[in-house]
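K.L.:
Chain by chain, the residues:
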Amino acid sequence: MTKSPEIVIEVKDLCKTYFMSGGASQVVLKHLSFKIYSGEFVAIMGHSGSGKSTLMNILGCLDRPTTGGYFLAEEPVAQATDAELADIRGSKIGFVFQNFNLMMKRTIADNVSLPLIYQGVSDHERRERAIEMLKRVGLEGYENRLPTQISGGMQQRVAIARALINNPKIIFADEPTGNLDTRTSDEIMNLFADLNKQGITIVLVTHEEDVADYAKRLIKITDGQVEYDGPRKDYHP
Amino acid sequence: MIYQILKEAWISISAYKMRTFLTMLGIVIGVAAVVLMVAAGQTVQNEITKTFDSMGTNLIILGPAEVVSGGVRGGRGRPSITFDDVESLRNLKDVEAVSYIVATAVQAVYGSNNYGVNVRGTTPDFLKVNNWEIETGVPFTEKDVKTGKPYVLIGQTVIDELFGLQNPLGKVLRLKGQPFTVIGTLKAKGDNLMGQDEDNVILTPATAVRQRLRGSYRPNYTDVAFVKVTEENKMEMVAKRIEYQLRARHHIKEGADNDFSINLMTEMVEKVRSIGLILSILLSAIASISLVVGSIGIMNMMLVSVTERTREIGTRKALGAPNRWIMTQFLAESLIISFMGSFVGLILGVVLSQIAGVIYDKDVPISILSVIISASVAVLVGVISGIMPARKAMKLDPIEALRYQ
Numbered sequence: 105m106t107k108s109p110e111i112v113i114e115v116k117d118l119c120k121t122y123f124m125s126g127g128a129s130q131v132v133l134k135h136l137s138f139k140i141y142s143g144e145f146v147a148i149m150g151h152s153g154s155g156k157s158t159l160m161n162i163l164g165c166l167d168r169p170t171t172g173g174y175f176l177a178e179e180p181v182a183q184a185t186d187a188e189l190a191d192i193r194g195s196k197i198g199f200v201f202q203n204f205n206l207m208m209k210r211t212i213a214d215n216v217s218l219p220l221i222y223q224g225v226s227d228h229e230r231r232e233r234a235i236e237m238l239k240r241v242g243l244e245g246y247e248n249r250l251p252t253q254i255s256g257g258m259q260q261r262v263a264i265a266r267a268l269i270n271n272p273k274i275i276f277a278d279e280p281t282g283n284l285d286t287r288t289s290d291e292i293m294n295l296f297a298d299l300n301k302q303g304i305t306i307v308l309v310t311h312e313e314d315v316a317d318y319a320k321r322l323i324k325i326t327d328g329q330v331e332y333d334g335p336r337k338d339y340h341p
Numbered sequence: 048m049i050y051q052i053l054k055e056a057w058i059s060i061s062a063y064k065m066r067t068f069l070t071m072l073g074i075v076i077g078v079a080a081v082v083l084m085v086a087a088g089q090t091v092q093n094e095i096t097k098t099f100d101s102m103g104t105n106l107i108i109l110g111p112a113e114v115v116s117g118g119v120r121g122g123r124g125r126p127s128i129t130f131d132d133v134e135s136l137r138n139l140k141d142v143e144a145v146s147y148i149v150a151t152a153v154q155a156v157y158g159s160n161n162y163g164v165n166v167r168g169t170t171p172d173f174l175k176v177n178n179w180e181i182e183t184g185v186p187f188t189e190k191d192v193k194t195g196k197p198y199v200l201i202g203q204t205v206i207d208e209l210f211g212l213q214n215p216l217g218k219v220l221r222l223k224g225q226p227f228t229v230i231g232t233l234k235a236k237g238d239n240l241m242g243q244d245e246d247n248v249i250l251t252p253a254t255a256v257r258q259r260l261r262g263s264y265r266p267n268y269t270d271v272a273f274v275k276v277t278e279e280n281k282m283e284m285v286a287k288r289i290e291y292q293l294r295a296r297h298h299i300k301e302g303a304d305n306d307f308s309i310n311l312m313t314e315m316v317e318k319v320r321s322i323g324l325i326l327s328i329l330l331s332a333i334a335s336i337s338l339v340v341g342s343i344g345i346m347n348m349m350l351v352s353v354t355e356r357t358r359e360i361g362t363r364k365a366l367g368a369p370n371r372w373i374m375t376q377f378l379a380e381s382l383i384i385s386f387m388g389s390f391v392g393l394i395l396g397v398v399l400s401q402i403a404g405v406i407y408d409k410d411v412p413i414s415i416l417s418v419i420i421s422a423s424v425a426v427l428v429g430v431i432s433g434i435m436p437a438r439k440a441m442k443l444d445p446i447e448a449l450r451y452q
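Protein chains in written order, with this note's numbering: chain V, 105 to 341; chain D, 48 to 452.
Think of the hints as simulated: they come from the structure by calculation, not from any bench. Positions of the beta carbon are idealized from the N, C-alpha and C atoms, including for glycine. Treat the hints loosely; a few may be bogus.
To be verified - To be clear about the criterion: a stretch of chain V counts as covered by chain D if any three or more of its residues have a C-beta under 8 Å from a C-beta of chain D, and this derived list gives those stretches:
(1) 128-139
(2) 163-173
(3) 181-191
Said to hold, decoys possible - Pairs of lysine-lysine residues, derived as DSS-like cross-links and limited to a Cα-Cα distance of at most 25 Å, are as follows:
(4) K218(D) with K196(V)
(5) K54(D) with K209(V)
(6) K190(D) with K218(D)
(7) K209(V) with K193(D)
(8) K209(V) with K190(D)
(9) K300(D) with K318(D)
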């Protein structure tokens, strides 16, 4: 009997309400519950205003749910302090952003190894691991260049290398191809698919159907609720 | 961790070299100005001390009473202290020496040279009382004073102007046509506080001035008299004794005003010193305005920097930077700027003050005070101007910051 895969994310009855000044409130996420297992490649889709960004922020430990439970690698994080959340982001999560968010005046190696600074890793080890990660995303030998000297697709690879460097439990990619042309988008998505094959858990937020096609599982959010949760190939809107 | 924060801070500020340099310049100028002003103040204080030391501080100065008419202070009244009055003070307790002068300014002539000099008719004790030293030759004696011998001791300026490279000893110069023999020369004293040349002086027996230079008006009266006291803490007591003695000798009734004035050198020193101190505090205060402006410059730059780097801050936070780290990094950036600015300002201030010292031919001290001031400026300015921007960076919500365009 094979061991059941590790649960990376578990969301239980999660709600998020924004309270506006003047007493008004807006319920953005309504009683969400799902699990994401190690090695999965999940696409979260939804129209703008559906609550998918809010969900992403909570899953990425940038925000907290109003009620409900959230367990990351079986640890409860729903009530964690700011400092604890920062530590979780630095040690268990990798982020890939739509606009790359690289520091333009720093070398590619510095950019890739940035998360390790906050983990107290030495300069030497940071650089070695950065070079190793760059190799993994196909940017061997680029460590001393500046982000301004390479293309957008390469910049996103740098960002992916940065997301990988702390050996995260999960990578969150928020519209990672939003700023790229179709051909480069395909390259980046193929890189994600490759990384997923190597066992890396990926959660992808997108509104593009063909980008979501690279994922195996789809969670569709509509009006703050899960409209669909199942294999990508079985979803036909 | 501190090393990493400092390194990140250093890389961040060196990414904007021009902006950092210009911001730093504000602090450089501010610190240099304060250091210069402190040096100027201390130089003035030192000069004051030097001048008073050269005159001797255990000194009581007696002169005519001040003329007060209708509550308004006028000039000096007519001379009221006689040679005998002064000599009678010699025997008072705790008096080390007494002397007096009758002063006049005349043209001194030697050969074809002539020069306007200050002539002080005095007694041998004048040298002791006013800390003059004989360089060559001998001083005149009490006997010379009694007999009104036309002997003179001459200052360095007089030597230069009248004798040039000749040895003046034994030569005869003329004052108002009267012959005076040079029996000694005085060591140089330099300029006094008012910038007057102390070496443009001729000392001669008081009686000689009376008999040969000043005519017969109140012939036995002094212009100024000096009493040297044995110890500084006995000054007040001796002043009281002098007052008592002189009132008795002048037959002044009880309740009537003195017809003479008594000034304690120690009090005058205190007065001038406190003026000097106020002056240097004032100068430094004015100079420190530029420091305030400089630190506003840092704060402004840091606030702009935080706004500009909002996305970077959001990214750093998303990648695991604790709030404390972000705040410390921004604080470190302003501290680095203020430390470097203060250091360069200190060096600049010291160098400029030394250059000024060479130009004005004064000893300008390099004081530990300047170092203390610039170090505390570095810390204070760095923290005060950095704390607000750093807190702003710390408080940024990573979600908002990442969305910032």
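K.L.:
Which of the numbered hints above does this structure break?
P.N.:
Violated: hints 1, 4, 7, 8 and 9.
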